[in-house]
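> Residues per chain are reported as follows:
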Amino acid sequence: MVKLKINQKEYSVDASPDMPLLWAIRDVVGLTGTKFGCGMAQCGACTVHLDGEAVRSCVTLVSRAVGKEIVTIEGLSADPDNYLQKAWMELDVPQCGYCQSGQIMSAAVLLRENPNPTDEDIDSAMSGNICRCGTYPRIRKAIHLAAKMQREGGNGK
Amino acid sequence: MSTLNTSRRNFLKTGAVLGSGLLISFTVPGAKKLGGAGASVLGPQSGAAFAPNAYLNITADNEVLVYLAHAEMGQGIWTTLSMMIAEELDVDVNKMVVQHGDAWTPYNHTMFGIQITGGSSTTWSEFDRYRKAGATARALLVQAAAQKFGVNPADCKTENGVVTAGDKSATYGELATAAAALPAPGDVPLKDPKSWRYIGKGTKRLDTPAKINGTAKFGMDMQFPGMLTAVVLHAPVFGGKVKTVDAAKAKAIPGVRQVVQIPSGVAVLADNYWAAKKGRAALNVDWDLGAGVKVDSAAMLAEYKQLAQQPGATANKAGDVDSAMSKAVKTVEAEYTFPYLAHSPMEPLNVTIQLKDGKCEIWTGTQMPGLDQGAAAKILGLKPEQIRVNTVFLGGGFGRRATPSSDFVSEAAEIVKASGKPLVKMVWSREDDVRGGYYRPAFLHKITAGLNAQGQPIAWKHTIVGQSIMEGTLFAGMIKDGIDGSSVEGVTDSPYMEAIPDRLVTLHSPKNQVPVLWWRSVGHTHTAMAMEAMIDELAHTAGKDPLAYRQELLKHSPRHLAALNLAAEKAGWGKPLPAGRFRGIAVHESFLSYVAHVVEISLNEDGTIKVHRVVSAIDCGLAVNPDGVKAQIESGINYGVSAALLGEITLEQGRVKQGNFNDYVVARMFDTPADIEVHIVESTGKMGGVGEPGLPPVAPAIANAYFAATGKRLRQMPFNKAHLSA
Chain A
255 MVKLKINQKE
265 YSVDASPDMP
275 LLWAIRDVVG
285 LTGTKFGCGM
295 AQCGACTVHL
305 DGEAVRSCVT
315 LVSRAVGKEI
325 VTIEGLSADP
335 DNYLQKAWME
345 LDVPQCGYCQ
355 SGQIMSAAVL
365 LRENPNPTDE
375 DIDSAMSGNI
385 CRCGTYPRIR
395 KAIHLAAKMQ
405 REGGNGK
Chain B
80 MSTLNTSRRN
90 FLKTGAVLGS
100 GLLISFTVPG
110 AKKLGGAGAS
120 VLGPQSGAAF
130 APNAYLNITA
140 DNEVLVYLAH
150 AEMGQGIWTT
160 LSMMIAEELD
170 VDVNKMVVQH
180 GDAWTPYNHT
190 MFGIQITGGS
200 STTWSEFDRY
210 RKAGATARAL
220 LVQAAAQKFG
230 VNPADCKTEN
240 GVVTAGDKSA
250 TYGELATAAA
260 ALPAPGDVPL
270 KDPKSWRYIG
280 KGTKRLDTPA
290 KINGTAKFGM
300 DMQFPGMLTA
310 VVLHAPVFGG
320 KVKTVDAAKA
330 KAIPGVRQVV
340 QIPSGVAVLA
350 DNYWAAKKGR
360 AALNVDWDLG
370 AGVKVDSAAM
380 LAEYKQLAQQ
390 PGATANKAGD
400 VDSAMSKAVK
410 TVEAEYTFPY
420 LAHSPMEPLN
430 VTIQLKDGKC
440 EIWTGTQMPG
450 LDQGAAAKIL
460 GLKPEQIRVN
470 TVFLGGGFGR
480 RATPSSDFVS
490 EAAEIVKASG
500 KPLVKMVWSR
510 EDDVRGGYYR
520 PAFLHKITAG
530 LNAQGQPIAW
540 KHTIVGQSIM
550 EGTLFAGMIK
560 DGIDGSSVEG
570 VTDSPYMEAI
580 PDRLVTLHSP
590 KNQVPVLWWR
600 SVGHTHTAMA
610 MEAMIDELAH
620 TAGKDPLAYR
630 QELLKHSPRH
640 LAALNLAAEK
650 AGWGKPLPAG
660 RFRGIAVHES
670 FLSYVAHVVE
680 ISLNEDGTIK
690 VHRVVSAIDC
700 GLAVNPDGVK
710 AQIESGINYG
720 VSAALLGEIT
730 LEQGRVKQGN
740 FNDYVVARMF
750 DTPADIEVHI
760 VESTGKMGGV
770 GEPGLPPVAP
780 AIANAYFAAT
790 GKRLRQMPFN
800 KAHLSA
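The listed protein sequences derive, respectively, from chains A and B.
The numbers in the working numbering rise by one with no breaks, and the one at position 144 of the first sequence is 398.
The numbers in the working numbering rise by one with no breaks, and the one at position 132 of the second sequence is 211.
In silico DSS-like pairs for lysine-lysine, Cα to Cα no more than 30 Å straight-line:
hint: 1; chain 1: B; residue 1: Lys356; chain 2: A; residue 2: Lys259
hint: 2; chain 1: B; residue 1: Lys457; chain 2: B; residue 2: Lys500
hint: 3; chain 1: B; residue 1: Lys373; chain 2: B; residue 2: Lys736
hint: 4; chain 1: A; residue 1: Lys402; chain 2: B; residue 2: Lys649
Hints were generated in silico from the structure; no laboratory data involved.
None of the values given here were measured: they were computed from a predicted structure.
Let the sequences and hints guide you as you build the complete structure.
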């Protein structure tokens, strides 16, 4: 048993220390918003926050997450000030939607560290997140819109 | 398997060519046929008070439930089909409760005769059926209200789920039970388009909220107490069979519960994916590789080149091409090659199966739930009606989740059968996906075109070589005189062909062990490139502007022209560009829609291509949800950019060389154009699809821009560093 703190809740998790955090979160704890896409930190669908840092949970061992604050898409969604999801709604970003949890988790760290990103900043920060539906232009616009909302408050209009 | 056979007969009877533009006959069933017997058809899911047809139910609590005959895989039909019902029913589309329908004959495609999401056909094929479903229900609710109020139905109005007459009003929920007791009405008139509230105006996607907070359920997210997760070790080459299995080490891994042999390999069942995957890695299997070990991409290309020296089966012929060619002032010859491509949807394939009390439930993201139901029934020794297929959100489809062989559902059913375990989720890894076959077939096109003194094409000789998608599947009956329509669509029906009096298009369909499948836009993935790159070469050879040359050849094809002209105008065709930027253009019809792109590229320092901007125009007839149309064209463009610049599956000694996104490279944000503009042609033309048609013109437009930049023609896809410097 390992103790994990996910979305501010303590869990005793029956997982071997070499299990990637992704499978502990999904298969053991049962939070399925974090997605499996590649298993080797190539696609970003599994992105979660570990002490505020965006990590690929498919290659992050459970042992590394012990004692740290883990935030998943479910935890981020509980935050009423989350401008990213408002912007995602406004621009109808998702298509199949499978990658979007990871996209939003990556974008959240970008906006915290860089409240006014350029296109290049966004391309660079989001380069680890693949979307096969190609929603990239809308993701880029939504990050700009969320940044604007974050700076100015309100809905960014 | 009578269900399957009936389906197949219906499918063939329609004369449809699935996944191609050759749509022949199509009649919309009348309202009386909706869901079968009339006003009392209950969906298998529903206990609702009012179930006027298979497509919508209304509960006494005033909930409007929408059942989708098609699957949502990103293309937006969750919203579009709901809009059609909301429009005619007069309810707020945002308050509807939407779900996928079961595998059930009322959800069979109105034209293809089986339950399928494909061929970019959902919106146009359901436009009448879903509107009529809404209109019929509304008529019954109005009738119930009129009886309740003691007024004429004509004096009743409906708005936002309420019937009013003077000062009397009742919600649909309050009328549901009474409406359910009424006989089915005859043919109910549909609204005048002038009064449409949603159609043509659009609405935001109804599935967005669930898809941005982690609550949307994909197949991968199905979890039940006591469920085991299975992963399968597949043969290292296609068609390989297990000789011997040593599972001792695998079974010693904590969490591994069972190891079973199935026809497609060896399955490891465990408490969770991680344990199953570790168990798989510990298996020791000896394989009988079979003939698949001989498949080799380089050798295949050489074989295809050799085959193309001789004509194949005739696909399109007019006049005497050799005689016309001998009279040509100039001839141009080109050979275009296309690799295998994996669909690689973001959600790896997975299926959950539960056996309970002699019944079976399946949860999966599928484009063909009816065939999957039949396939699972056969393996599990059940009748199809004993199996409920729950279609969940598809984490991308692109054709991969529509296999005629039901490959992934069959594999999961075999695991359940072999293991005797009643609740199993089979999960593929990304490597299983990339190496799993069902690829867009590799193709080669060899074209010789002859021009007259005015630069017009007068002779066209075209040989196409590539595996048939239909061959060996239950759709094989659609192959006519050796021609699989999906191999030649986009060439044989090209408007350029009609402009060329002497022509010969032939097809070779060599076979090998690699399973192939429709991949977003199917044959058009390669035919548009061959046609539009060649036409561009001919324009240059004739000394004509590529736009003007196309306009002349397409003068009798108004919808091609409309898209072409709109894209060219919006892109500022002919106007100066910043230094280092170059334009290319292409236009192509597929799935009944007409799309033109103007792309702007520059060259990176290492000589590779950077696509900056794509200005696109589409004529799809009526755009039911205009922003949804734009989103699909954006999506098709980026899927096309990925294939044009990066996508390639290669085999050596039967082994697929790529395995994950590190070597099967797909477009990331920085690979895709920063600026995509989509313009919709104002059109009253026949409705077409939007999921696929944005893709085909991408590669040729990029190749044509590359020619503008360098004077070099690109004929080998993908246009990656290796091929650009070749």
